[in-house]
Every structure is written in C-alpha cells, then in structure tokens.
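Number of protein chains: 2
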Amino acid sequence: MTGRGKAKRGIPAKSDFNSWYPSIVEIADLVDKRYPIKGMDVWKPYGLSAMSLIDSLARQQMTNTGHSEYRFPLLVPEDLLERENKLVSRLKAARAAGVDPSELRIDEEDSGFKKEVYWVTHGGENELEVPMFLRPTSETPMYTMFSLWVRSHADLPLKTFQIVNTFRYETKQTRSFIRVREIHFFEAHTVHATEQDATAQIDEDAQMVQSILHDLCLPSIVSKRPVWDTFPGAWYTMAADVVMPNGRTLQVATYHHYRDQWAGAFDLSYEDPDGKTQLCHQTTFGMSERLLGSVVGMHGDDQGLIMPPAIAPFQVVLFPVAAHVNENVIPAIKDLAQSLRDSGFRVKLDDREVRPGVKHYDWEIKGVPIRLELGPRDLESGSCILSIRTGGKEEVPIEGISETIGKKLHSISEELRARSSVHLESLVRPFPGVVSIGDKWELAAEIDDDVIYEIAFDGNDSDAEILEKLTGLAILGDCDEPYPEPTPCVVTGRPTTRKQHLARMY
Amino acid sequence: MTGRGKAKRGIPAKSDFNSWYPSIVEIADLVDKRYPIKGMDVWKPYGLSAMSLIDSLARQQMTNTGHSEYRFPLLVPEDLLERENKLVSRLKAARAAGVDPSELRIDEEDSGFKKEVYWVTHGGENELEVPMFLRPTSETPMYTMFSLWVRSHADLPLKTFQIVNTFRYETKQTRSFIRVREIHFFEAHTVHATEQDATAQIDEDAQMVQSILHDLCLPSIVSKRPVWDTFPGAWYTMAADVVMPNGRTLQVATYHHYRDQWAGAFDLSYEDPDGKTQLCHQTTFGMSERLLGSVVGMHGDDQGLIMPPAIAPFQVVLFPVAAHVNENVIPAIKDLAQSLRDSGFRVKLDDREVRPGVKHYDWEIKGVPIRLELGPRDLESGSCILSIRTGGKEEVPIEGISETIGKKLHSISEELRARSSVHLESLVRPFPGVVSIGDKWELAAEIDDDVIYEIAFDGNDSDAEILEKLTGLAILGDCDEPYPEPTPCVVTGRPTTRKQHLARMY
Chain A
0 MTGRGKAKRG IPAKSDFNSW YPSIVEIADL VDKRYPIKGM DVWKPYGLSA MSLIDSLARQ
60 QMTNTGHSEY RFPLLVPEDL LERENKLVSR LKAARAAGVD PSELRIDEED SGFKKEVYWV
120 THGGENELEV PMFLRPTSET PMYTMFSLWV RSHADLPLKT FQIVNTFRYE TKQTRSFIRV
180 REIHFFEAHT VHATEQDATA QIDEDAQMVQ SILHDLCLPS IVSKRPVWDT FPGAWYTMAA
240 DVVMPNGRTL QVATYHHYRD QWAGAFDLSY EDPDGKTQLC HQTTFGMSER LLGSVVGMHG
300 DDQGLIMPPA IAPFQVVLFP VAAHVNENVI PAIKDLAQSL RDSGFRVKLD DREVRPGVKH
360 YDWEIKGVPI RLELGPRDLE SGSCILSIRT GGKEEVPIEG ISETIGKKLH SISEELRARS
420 SVHLESLVRP FPGVVSIGDK WELAAEIDDD VIYEIAFDGN DSDAEILEKL TGLAILGDCD
480 EPYPEPTPCV VTGRPTTRKQ HLARMY
Chain B
0 MTGRGKAKRG IPAKSDFNSW YPSIVEIADL VDKRYPIKGM DVWKPYGLSA MSLIDSLARQ
60 QMTNTGHSEY RFPLLVPEDL LERENKLVSR LKAARAAGVD PSELRIDEED SGFKKEVYWV
120 THGGENELEV PMFLRPTSET PMYTMFSLWV RSHADLPLKT FQIVNTFRYE TKQTRSFIRV
180 REIHFFEAHT VHATEQDATA QIDEDAQMVQ SILHDLCLPS IVSKRPVWDT FPGAWYTMAA
240 DVVMPNGRTL QVATYHHYRD QWAGAFDLSY EDPDGKTQLC HQTTFGMSER LLGSVVGMHG
300 DDQGLIMPPA IAPFQVVLFP VAAHVNENVI PAIKDLAQSL RDSGFRVKLD DREVRPGVKH
360 YDWEIKGVPI RLELGPRDLE SGSCILSIRT GGKEEVPIEG ISETIGKKLH SISEELRARS
420 SVHLESLVRP FPGVVSIGDK WELAAEIDDD VIYEIAFDGN DSDAEILEKL TGLAILGDCD
480 EPYPEPTPCV VTGRPTTRKQ HLARMY
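Chains as they are written, first to last, in numbering that gives the first Met the number 0: chain A, 0 to 505; chain B, 0 to 505.
In short, the hints are calculated from the structure, not lab data.
Computed from a predicted structure; not experimentally measured.
Among these hints, one or two may not hold up.
Identical copies look the same in the list; a pair holds intra-copy or inter-copy alike.
Stated by the list, open to error - Result set (DSS-like, lysine-lysine): computed pairs, CA atoms no more than 27 angstroms apart in a straight line:
{"id": "1", "residue 1": "Lys347", "residue 2": "Lys158"}
{"id": "2", "residue 1": "Lys114", "residue 2": "Lys37"}
{"id": "3", "residue 1": "Lys223", "residue 2": "Lys37"}
{"id": "4", "residue 1": "Lys171", "residue 2": "Lys158"}
{"id": "5", "residue 1": "Lys158", "residue 2": "Lys333"}
{"id": "6", "residue 1": "Lys85", "residue 2": "Lys13"}
{"id": "7", "residue 1": "Lys392", "residue 2": "Lys113"}
{"id": "8", "residue 1": "Lys406", "residue 2": "Lys113"}
{"id": "9", "residue 1": "Lys37", "residue 2": "Lys85"}
{"id": "10", "residue 1": "Lys37", "residue 2": "Lys113"}
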C-alpha cells in the first residue's frame, strides 16, 4: 500500500455508482488500470489476495465434491473448432426442423465466436500453418482430451476444474472485474454416464454457487436462461445474477447441462456394463473475477470497500497508539497479533510511522472488517478498541480476544448479508404491465431504468421480444423460485407460476 | 489415477534416461502430451499438485523476504519493445566502445527475441493496429508500470513477484517441464535505490534458491554466467544448474543484477532524500516448471518417480489389507489417516477395490514416500507396515505414528540428498586438457559426452571459444566455490582460483 496519509483520496459518493466503482478499484489498490491495453488491468497484491481467497472457496467446494484440478493449454488450434462447428450445425438443423424463431438468435451468437477471440498467427517470424486462438473457455481443448481419457463406465464420472486466464476480444466498454479482456476464470467440466447423473451435477453446482455467494454475503437471482441466451451447444443454462447498486444485473455464475450434445461432436463415449457404446452426458460450471466485482460493488460505501470476512485479505488490522508513552505497547500488540494469527485469522500489524488517524483511514478504504487499536490506557485497563467496518466502535477485553473477533466477524458477515438482501428487495419492482392498442403494444406506465422488474411470464419468444423491445431490458429467464399461486402472464394474461425478471444486464 | 492394475506399465530402465524421462512423466500421470500442440502438455492433477507445492515453497520464500505477489497482463503491445530495443542499442554502443568480442554474441541473442515469441495479430476479424506478443518474461510490462509507481526513495525497495504462464516459440525439440512452449513460470522483480541494495538482493536470491533446492533434495552448481550468456540488459547473471542423470545440466534458476541499465531505458527513477533524481537499480529472479523436471529426472528410478517429501502430493498413502477378515480394519485405518492429517501430513487413503499388490505398484510409480498397510494381524499387534520408497519395509507401532512418519520423511529427504550429491560428484570429472600444435588446439585425450568437466579457467573469450568448439560443451561460468589454491588455467596455464565447468546444457 502507498498510504502516505493524504487527507482525501477523492472517492466519489457511492450514490454516483458509475463514478464510484471505477475509482474505488484503484483507490483501494485492487488493480492498476494504466496498463497500455484497455481491459487488461494489473492485479495489485491486495486485489490478487482477495481473488485468491475467492479461488480458495471455489477450490474447497470442488475438492469436497470430488472434482480434480487440471490445467489445459491456453492456445487452441483453429482446426479443433471443426468439431464445435459440426455441433452447432447439427443443433441448428434440429431446431430448424422444429421451426422455433429463437434459433435465429442462437445462430448469430455462434457465428460470432470467431469474432470474439484473439488470434495467434505467427510464431517468431513464421506464419503458423494453423492459426491458434487464446481460449475464451475450454470446451474444445478439454473435450479433445476427454475423448482420449474416457473409455469405460468405470472412468465416469470425470469431474474436472481449472482456474486460468481466458481471453475475449471485447469491443464493448471495459470495466475492472466486470468486463475485461484477460479474464481470471474458473471452469468446471464434468462427464457422466447418464442424463440423470448430469442433472444431479447441475444440482450440486447450484448448491456450490449458493455456498460461495453466502460466504461473499451476496444474495442473487437464479434463473434458467431463455433459449436464446443458452450457451451454444447446451441443453439449458442456469445463471446466478447479482444486482448491482445501479440496478444492473451481473451474471456471476453459470452452469450448463449439455446432455450428450457436445459428446456427440467430440466422440466422447463409453462402454457401458453390457459392452454397448453410449454417448456421455456433460455439464460445465463457470465463474470469474466478476465475483470480486460484485463484492466491491455491493458492499462498499462512501468511505471505501467493505470486505466480507471470508475473503478479506486481512480480517483484523492492529495498530499501536501512543507507543512512545509506554514501552510495553509494542510487545503487547505483537503478542496480540500473534495470538490472533495462531487462532487462524488473517492479521496485519500496521507499524508504519504515521498517525493512527492515517492508518484508520487507509484500512477503512481497503474495507478491513475490524481495526484494532491498543494504547497505554488500554494496556492499563486490559482492553483494546475495535472499529467495525460496518459501523461502530467498542472497547473489548484483551482476554478472550480471539473468541470476540470470531463473533464480530460472524456478525459483520450477517450484517452484510442483511444489507444486501434489503438492497436486492428494494430494487425489485412490480412491472406496470403492457397494453395492446390495435396491433401495437405499449407500456402501461413509464418504467425506471435503474431497477429490475419482476413479472409473471409464460409467453413465447415473440411475446418476450415485445417486452424486451418496449422496456429496453432483458429477460433473465425462469426464476428458481416460482410463484406459489398462478398469476396472469404480463403479455398473454394466462395464469402461470413462472416468475421471471426484466433487467439491464451488464 | 487410472490404476486398474496392469501388471506392467512399460517403464524403460532409468539407465536409458532419454527413454525413461518422457515415459515416466506420462506413466506417473503428471502430464498428458497428446494435446495437439507440441510442447504444450495438459497438467494432470498429480503433476499440477506437485507443481503447486513447489510454487508454495517459492511463495513462502518470497513472503518471508518482503516480496508481494502481483499479476501482470499476458499480452504486451509491440510498441513497448521500443524501450527494450533502446536499452540493447545503448549497451551495444557502450560495449562496442570497450571493443570486447563477446558483444557479438550478445547481439545475436538480442535480435533473436522477436523470433522467439508468439504474436497476436488479430482480435476477432480485425487486424490489430499494434500487434501484441505473449510474454516470454515480464520486464517490459512490469517496468512500464514500475515507472508509474516509483517516485521517491520512500517507495523503495519495491519487491514483486508473480507466478504465471509464459510462452516461447520453441523450435528445438520439446520435453515435458524442460523445454516447453507454454511455461509455468515464477519471476521476481525488485527495484532498489542503490547498486549495493540490489547486490544484497542477489545474495538473498541465492539463499532462496538454495533453500528451495534443499527442500527438493537437489544439489546444484551455481555459476556466474559468462558475458555472452548474460541476460540481455543485465550487468551479470547468476544461475543454478542441476545435473541430470544423462550428464546434461539443466538451468533451474537464474538471478540477474541489472544495475541501472533497464531503469535507464524505462525512465525508472526516484527522488533521493536530497531531492535529486536518481536511476533505480534492479534485479530479477526466475524459476519454472523445470524444478519439477529436475525432481523427476534426479530422484526417479526403474520403478517410477520418487517424490521428495516437501512436495509429494501425498506423503503417506494408506491402504487396508484383508479388511474382509476383520471389520475393525477399515475404521482403524480411517482413524490412522485422520490422525496423520491432523498432524499436518498430506495423506491419501486408497480404498479402491483392487488387490494391495496393485496399490503398492501404483503408488510406487507415483513415488509416494511412504506406503502404509494395515491388516487384521497388524491390528492385533498394534502395528502397521511401512514401505519406504527409497528402500526398505518395516513394522512400526501405531502408537506415536505421527512422530514416526515425521522422522521417516526426514530420513527419506536426507537419503535423496545424499544420493543426489553422490550422483553429482560421480558426473564431475577432471578435464584431460588441451594442447596447442602449431596454431591449432586439440584435446589432450578423448572426452565423454555424458559427464561434465571441472576446469580452472581464466582465459578470455577466444580461449573459451577454443574450449567450447573442441569439446562441443558449454562453459557454465564462474562457480561460486572457487579453488582454495591457485591452479593453472587449462588454456593459458596462468594460476587462477576460478573454477568453471564444461557441460552439455539442456
């Protein structure tokens, strides 16, 4: 940290979220955006540490559920794409036969793939025989290998994951953690004997996402994406969206059921116990540095970040006060720091030669959950002062400090969860509805563009298009918490329990 | 692991090292080389786990010495190279003024840089205005940022590191871990106020390298590289070479003193306490997956890998024997595994339904330091059987097992260190010398090409070239353990304490 005690760091008010967010990621020393390629930030130690702690949460979930960590090459030869193209064509044909207008949208997305990657065309001064692209995600490299690894039902399930850098030639405006061109990416890929096994994996993924979001104190909306927003080659796509303070939803996790569609394209099959060859069923599960972006966006305030204790690089920062007055202060605070470390907390003793006010200010910006001060008077009274980042300052006894800190961290997490839930609820509004006048549809009333709308919706793709065009918002898909009672669809009026959301997506 | 109990896995004899090495990396499930780009292997869980443990050793050293972890972008715009080119030109000019023949060799290496990287020329279907290359190492991206970060003497020292993927368009034959095109790379970059501070950093680097090599049970030869083998832009380059069983040396760590040469090119300066602008002094320190390659190559035997306990993904693998005979075996071995885990060991309980012989065989190939068997008879006697990967099998009491395992792991490390030292000494031979006949030089006797030669050498570059041409070997540079007494130089005959080595380098 630079922290040489400037009185003011120029943090914009959080109510001006679109100014606050890009400022705070640099002011709090998470990244430096001055690297000369737009959308490729330098991770500074504090940001990288928080991200690594998020990675650890994911890794722990993976280990607990029997996934193994691999690392596949970054570069993918163009000719491997043929299989992927074959898959997309096959699906197109199948869907064309069903005459479903949504296919047209899928086609656009698929053909756009080549437009979204970076191409390596030369090695040294030689033009490569086969151009290679930087992975945007790893279906193609992984499934090429999976088809070599899976032979028999005894090889299944194959549960893999990797945490790697991926790339996307992003033409939209870039934003740290939210829309970047080099992405810190988590991807799990699994192979199963049956559709049911893959479905069970999707359920496991759903639980893992919720567990991680719980640790990050982030409530989310979980939806089954509409067909046109389904991942290419997937049977269906589930997504968790966090609602940022400006009302825009940020997709932070997706998990896809592929059935045997990708397996067909990659000759990924196994011999079942009866000696018959069967296609495998697959799932994938992806998350990224967007999780850190949500943490920044959701929990921060006018004073800076607030780090959820589960991923705070430092859960407690200690600093001495008036140590020159009493020579016992420094040894005592060192002991205190060590005993907290021994109890498993992530602890920083800030012994810089700057005023305590500067230290308070610096660590407040960085969102450290608990600041702990110890001075000569505290030594006499056998206590210390805790400043809680979510609010409040209190004197607590040094005796039993580890237990006290543990409880405080727990209550900080609870407080962050409560605030986030209130925030989410406050942004979800009832939809004013649409009315048809002649053959034209109109909104029944004006809508806000910084909130999301909950709708009962059971229409077809044309109905969805009407809604999206009129509102300029996107349908997130079928919410995993449907209405308990049938409610009239906003377009067709037909009673349905299908709850959906209209939102501006990042 | 696949481990379905094939009786023979086709491990070549280790005496045929050039067949053994490429086989064992796949048989022991470290990597899969079938990915369709040569030199880009897939890291399998066992290999990735060992590598991650090596990373942890490096990370620990870095943390203990006040380095912070960063992550810089992979892609570097070509125009940033201008500064690097400027540096190289400046050094060329300076050296040309000194009329030192070694410069010619340096020039070749520098101009080769562009030939050794992969070039990204397109984003989607657009040709990029400025082509970008995949980092082979990160001087250019890092120092571009450092010059923004360092302003005052109070910002120094700046001690950074990162663990990332780097790329090299390798035209030589690739070998897993040893010569690859996507490299798992560790690089530390530091910035100091003075040359002396940078020199102290070089000393710290030397100690860290030795500490890591000690944990990996790998003795090395540490040399100051000759001028022509100095990293471009460095004042001098230190390197640690491990000697592989085929007598070839593998450079596993380098650390470079840059003085203020790179700083000059990157405008990396600071204001000293007197308000004067001074150029910074810099060092770098690099290691890679070659460390794992050395572990594989040095410690393995005809039966497979031998993992040094410090980086063994599993230090102890337990398996039950004849569990069907006594229902207490399974609970007892689970308790045993848990108590070892609680003591901090990396433990695997192999409960596959295959014969114990198969398990022995599988874990022997993977080089697990200790295999622990427990059966009904052992339960009665309160003991278990340990198979030590470096040799021997013994019955030990279950009581105090954690202490026993700790001691055994220690002695396995010691045994590996002893073997490696013997190995190294056995490969270092006295050099038969050279003789001049007329104006031609010849070897005094034939030499072996699978050993390395120790020489007293104090000649100039032409003398070095004579030696390298006659032997087909390379001079590693000034060994950090000079002769205690002056010894005649092999070419000039002048007494010198400078010890050097002639070797075939990987």
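How the hints compare with the structure:
no., hint, in the structure
1, Lys347 / Lys158, "between (37 angstroms within a copy, 18 angstroms between copies)"
2, Lys114 / Lys37, "both (18 angstroms within a copy, 26 angstroms between copies)"
3, Lys223 / Lys37, "neither (32 angstroms within a copy, 40 angstroms between copies)"
4, Lys171 / Lys158, "neither (34 angstroms within a copy, 35 angstroms between copies)"
5, Lys158 / Lys333, "between (45 angstroms within a copy, 24 angstroms between copies)"
6, Lys85 / Lys13, "neither (48 angstroms within a copy, 45 angstroms between copies)"
7, Lys392 / Lys113, "neither (55 angstroms within a copy, 58 angstroms between copies)"
8, Lys406 / Lys113, "neither (51 angstroms within a copy, 57 angstroms between copies)"
9, Lys37 / Lys85, "between (34 angstroms within a copy, 25 angstroms between copies)"
10, Lys37 / Lys113, "both (20 angstroms within a copy, 23 angstroms between copies)"
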